[in-house]
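Enquirer: Read top to bottom, the protein sequences are chains A and B. Residue 44 in our numbering is what sits at position 44 of the first sequence, and the numbering runs on without skipping anything. Residue 1065 in our numbering is what sits at position 65 of the second sequence, and the numbering runs on without skipping anything.
None of these hints come from the bench; they were simulated from the model. Treat the hints loosely; a few may be bogus.
[Unchecked claim] Facing chain A, according to a computed beta carbon distance under 10 Å, are these residues of chain B, among others: (1) 1010; (2) 1019; (3) 1022; (4) 1025; (5) 1028; (6) 1030; (7) 1034; (8) 1046; (9) 1109; (10) 1111.
[Unchecked claim] Just a sample of chain A residues kept apart from chain B, beta carbon distances all over 10 Å, derived: (11) 14; (12) 31; (13) 44; (14) 60; (15) 102; (16) 105.
Computed from a predicted structure; not experimentally measured. Each residue gets a CB set at the ideal place from its N, CA and C atoms; glycine is no exception.
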Amino acid sequence: GAGVSQSPSNKVTEKGKDVELRCDPISGHTALYWYRQSLGQGLEFLIYFQGNSAPDKSGLPSDRFSAERTGGSVSTLTIQRTQQEDSAVYLCASSLFGSYEQYFGPGTRLTVT
Amino acid sequence: AQSVTQLDSQVPVFEEAPVELRCNYSSSVSVYLFWYVQYPNQGLQLLLKYLSGSTLVKGINGFEAEFNKSQTSFHLRKPSVHISDTAEYFCAVSGMDSSYKLIFGSGTRLLVRP
Chain A
1 GAGVSQSPSN KVTEKGKDVE LRCDPISGHT ALYWYRQSLG QGLEFLIYFQ GNSAPDKSGL
61 PSDRFSAERT GGSVSTLTIQ RTQQEDSAVY LCASSLFGSY EQYFGPGTRL TVT
Chain B
1001 AQSVTQLDSQ VPVFEEAPVE LRCNYSSSVS VYLFWYVQYP NQGLQLLLKY LSGSTLVKGI
1061 NGFEAEFNKS QTSFHLRKPS VHISDTAEYF CAVSGMDSSY KLIFGSGTRL LVRP
């Protein structure tokens, strides 16, 4: 079956612009996660959605970062007023309810110039 | 809170030789443990996981890992590596406190030489 998909695969933006990154989880997976992979910080948890519960936003690095999940499926990660330190690969993962096994998408490589 | 240490940033090994990638963790609660592999320009793929039961866990591609609670370790091993095993390997933990988020180590690059 289809895995986790993310779009765009690559995004180049100018410093100060807003960007939106999209994640389509595996059908039937109620949990969705965003992680960031950068040279300096490695792999970091950003945010976690589970069904209709309030999301766990404890990993968001600043208030410029936000995410939403519409209809319990697709998620969008928004970064406002991008900075060069936001350059990274943003990975999305999903899992079944109650499962600790996460399936990852291919990621979106964000470059801020 | 949890943390994961992968002391080896790169491990070079010859093809068909055995390999061990080390992982140590620290946590104030019991944890679940995972190894993920990342091939160039791809996402993460789950190699194996320890949730409960036998401390020796077998995964895909001939990899296995052993959970050692007293040493807080979860080292990954393969008896005979192939060129195609060249990739980045990440150890990760998740606390048994229903937080579900993964805390990753810094990764170990396995470089298999002919």
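Enquirer: For the hint on residue 1028 of chain B, does the least C-beta distance to chain A fall short of 10 Å?
Expert: 16 Å, violated
Enquirer: Grab the minimum beta-carbon distance between residue 14 of chain A and chain B and tell me whether it stays above 10 Å.
Expert: Nearest chain B Cβ is 24 Å from residue 14 of chain A, so the label holds.
Enquirer: Checking hints one by one. Is residue 1010 of chain B an interface residue toward chain A, by the C-beta closer than 10 Å rule?
Expert: Hint violated; residue 1010 of chain B Cβ to chain A Cβ min 15 Å, cut 10 Å.
Enquirer: Regarding the assertion that residue 105 of chain A does not contact chain B, is the least Cβ-Cβ distance greater than 10 Å?
Expert: Violated: least Cβ distance 5 Å, not greater than 10 Å.
Enquirer: How about residue 1025 of chain B: closest beta carbon in chain A under 10 Å, or not?
Expert: 14 Å, violated
Enquirer: Given residue 1030 of chain B as an interface hint, is its Cβ closer than 10 Å to any Cβ of chain A?
Expert: 12 Å, violated
Enquirer: Can we keep the residue 1109 of chain B interface hint, with Cβ of chain A closer than 10 Å?
Expert: 13 Å, violated
Enquirer: Are all beta-carbon distances from residue 31 of chain A to chain B longer than 10 Å?
Expert: Given a closest Cβ separation of 7 Å, the condition is violated.
Enquirer: Would the hint on residue 1019 of chain B be counted as holding, given a Cβ-Cβ threshold of 10 Å to chain A?
Expert: Cβ of residue 1019 of chain B sits 21 Å from chain A, so the hint is violated.
Enquirer: So is residue 102 of chain A really clear of chain B, every C-beta pair being over 10 Å apart?
Expert: 7 Å, violated
Enquirer: Go through the hint on residue 1046 of chain B and say holds or violated, using the shortest Cβ distance to chain A against 10 Å.
Expert: Hint on residue 1046 of chain B: holds, closest Cβ of chain A at ~6 Å, below 10 Å.
Enquirer: With d taken as the least Cβ-Cβ distance between residue 44 of chain A and chain B, does d exceed 10 Å?
Expert: At about 8 Å from chain B, residue 44 of chain A fails to clear the 10 Å cut-off, so the statement is violated.
Going down the numbered hints, you'll see the structure goes against 1, 2, 3, 4, 5, 6, 9, 10, 12, 13, 15 and 16, while the others check out.
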